[in-house]
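Single-letter residue listing:
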Amino acid sequence: MVFVLLPMGLSLYFSLTDYSLLESPVWVGAGNYRRLMDDPRFWLSVRNTLLFAFVFIPAATALSLVLAVALSGRLRVGKLVQACIFIPTLVPMVATAVVFSWLFNGEYGLVNAGLRAIGLEGPSWLTSRAWAVPALVLLSLWSIGQQVVVYIAAVHEVPAELHEAARLDGMSVVGRFFRVTLPMISPVVLFNVIVLTINTLQVFAQPYILFRTKDGQNDAGLFYTMHLYDNAFVYQQMGYASAMAWIQLVVVLILTAAMWWASRRFVHYRAA
Amino acid sequence: MKKWEFKPGVAVLSVAMLAIALAFVMPLLWMISTSVKPEKQAASQAIRLLPDPASSTLPQAAENYTAVWHDSTVQFPLYLRNTLIVAMLSVAGMTLSSAVVAYGLSRIRWKGRGAMFAITLATMMIPFPVLMVPLFAIFKQLGWNGTLAPLWVPAWFGGAFNIFMLRQFFMGIPKELDEAARIDGMGHWGIFWRIIVPLSKPALAVVALFHFVYVWNDFIGPLIYLHHRDTYTLALGLQLYQSQAGQTPWNLLMAASTLVVLPLVLLFIVTQGSFVRGISAEGLKG
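Order-wise, the sequence lines are chains A and B.
Note that our numbering gives residue 184 to position 184 of the first sequence, counting from 1, and the numbers run on in steps of one.
The number in our numbering is simply the position in the second sequence, starting from 1, with 272 added.
For the record, the hints were derived by calculation from the structure and aren't laboratory data.
The structure displayed is predicted, hence computed values, not measured ones.
It is possible that part of the hints are untrue.
Calculated Cβ distances over 12 Å to all of chain B for the following chain A residues [to be verified]:
{"#": "1", "residue": "G29"}
{"#": "2", "residue": "A30"}
{"#": "3", "residue": "R34"}
{"#": "4", "residue": "R35"}
{"#": "5", "residue": "P40"}
{"#": "6", "residue": "R129"}
{"#": "7", "residue": "A130"}
{"#": "8", "residue": "A262"}
Estimated spans, in silico, between C-beta atoms of each pair [to be verified]:
{"#": "9", "chain 1": "B", "residue 1": "L301", "chain 2": "A", "residue 2": "R116", "range": "18 to 24 Å"}
{"#": "10", "chain 1": "A", "residue 1": "K214", "chain 2": "B", "residue 2": "Q544", "range": "38 to 44 Å"}
{"#": "11", "chain 1": "A", "residue 1": "L6", "chain 2": "B", "residue 2": "T419", "range": "16 to 22 Å"}
We put the CB at the ideal spot given by N, CA and C, even for glycine.
Given only the sequences and the hints, what does the whole structure look like? Please build it.
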């Protein structure tokens with residue numbers, strides 16, 4: 001608790017000051033927030049982060065659900081496939097990013113070698129503006145194993161009688177997914193989407209390693225937390241960085257509240 | 273009794289799933305494959321899993337991995353030691369303190385318990401960047417920046433997710449056991465150590481396991497707090513190895529990645545059941 005609530009208060013205070021760590025904070029009121037509004041790098045990082053979130057969160061959720069439903073049946077290969085999907089989640093983010101920077105290497109990377117084999121010329125993923133976010137999405141999709149495991153467990157808890165009844169009513173597999181499975185597991189989906197959103201908006205280690213090389217920063221790969229980190233620990237503008245942090249916090253809270261609110265109509269809670 | 277029959281749907285689905293499984297393992301296979309090749313073959317456009325000639329695989333692997341392990345600027349043996357120190361202190365603290373807090377939130381009735389629990393849960397939503405700057409300032413005051421302390425001391429104050437999970441688990445232990453123990457003259461401390469902890473070993477193991485993985489993976493923490501190369505952890509060391517002046521050859525970089533990844537994958541294979549059960553439990557309780 002001490003390590004959360006006290007820092008939060010301090011952070012709010014810092015965000016209203018000019019603070020370099022070397023001297024004591026100087027009160028500037030809303031000055032940092034006003035400066036942020038005129039900071040093009042700030043808006044760039046906001047844009048990139050939102051773009052990434054809008055693509056990645058739906059893609060990850062849809063893919064996890066499809067894989068979970070496919071693997072929740074009694075496939076002989078199910079356990080093996082599940083293990084293969086889960087193992088990448090254990091790989092440290094730094095290692096993931098290093099390995100993918102190799103896979104996405106424009107000249108020698110496996111991804112482009114594969115594309116070349118089917119007659120396509122792959123882009124230079126990590127240095128191009130257009131392909132930076134897609135590359136990060138692919139990398140992040142590689143680590144969705146935890147969600148798949150959670151959704152498999154949730155799907156298993158759906159009573160078999162419901163499926164039986166729906167089948168007797170002549171519902172197709174797809175129909176049963178949308179009208180039986182999905183409503184029954186919707187509380188789990190909501191919870192996981194919220195957690196995923198909070199984490200996605202903080203993405204740091206992977207883009208830091210992928211898009212920041214000694215040749216410089218790929219602007220399409222500048223994400224919110226990276227810009228915040230730069231301000232705090234590279235430029236020593238602790239107050240400015242704290243203002244960014246509080247904007248992030250408020251956005252996360254609003255988004256979470258909005259998702260709870262919007263989901264009341266869709267999420268189905270079983271009577272306990 | 274149903275006889276086994278060939279179902280085309282199941283066959284197609286199985287093949288599709290195996291293809292997906294292959295896609296998920298491919299990056300790791302390629303990592304290992306690159307790590308045993310000579311530099312020239314690693315940086316080539318041909319797709320082949322083993323070096324040419326294949327008989328050179330083992331000696332080449334030995335050469336690459338030795339080169340990584342004994343690198344003069346990036347000292348992986350030292351980083352392994354640092355990571356293990358942080359991991360041990362941090363895992364012990366996280367498991368113990370989360371259990372104590374969870375005990376207080378589940379087995380002792382007190383005013384404000386519900387509110388306290390709600391606040392604990394709410395802290396899960398706070399993005400780390402909000403805490404990053406003030407924690408750095410606090411640790412600077414304490415003179416801890418540059419040491420390993422900021423990486424493990426906070427763990428001794430518990431983690432919201434773990435407290436939540438352990439609380440749910442403790443609630444499932446019958447209250448009658450507490451009462452029997454109290455009649456035998458045990459206090460809370462006795463009940464905690466002699467009843468709750470022994471009965472909760474699987475849940476505590478999951479907390480310890482997850483926290484170990486977390487520490488092993490943590491990048492932003494070490495990046496902020498550690499300033500000297502001697503104090504780096506493996507995650508930070510790998511990044512340093514990647515970014516050091518003069519491009520690190522890909523085969524060596526992949527060998528280093530393999531060294532960082534391998535212990536966790538082995539840990540997973542040894543404890544597979546606990547991981548998957550733990551994650552299912554966490555994600556479902558929403």
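Taking each numbered hint in turn, which are not upheld by the structure, reported in ascending numerical order? Of the numbered hints given earlier, the structure breaks none, since each of them holds.
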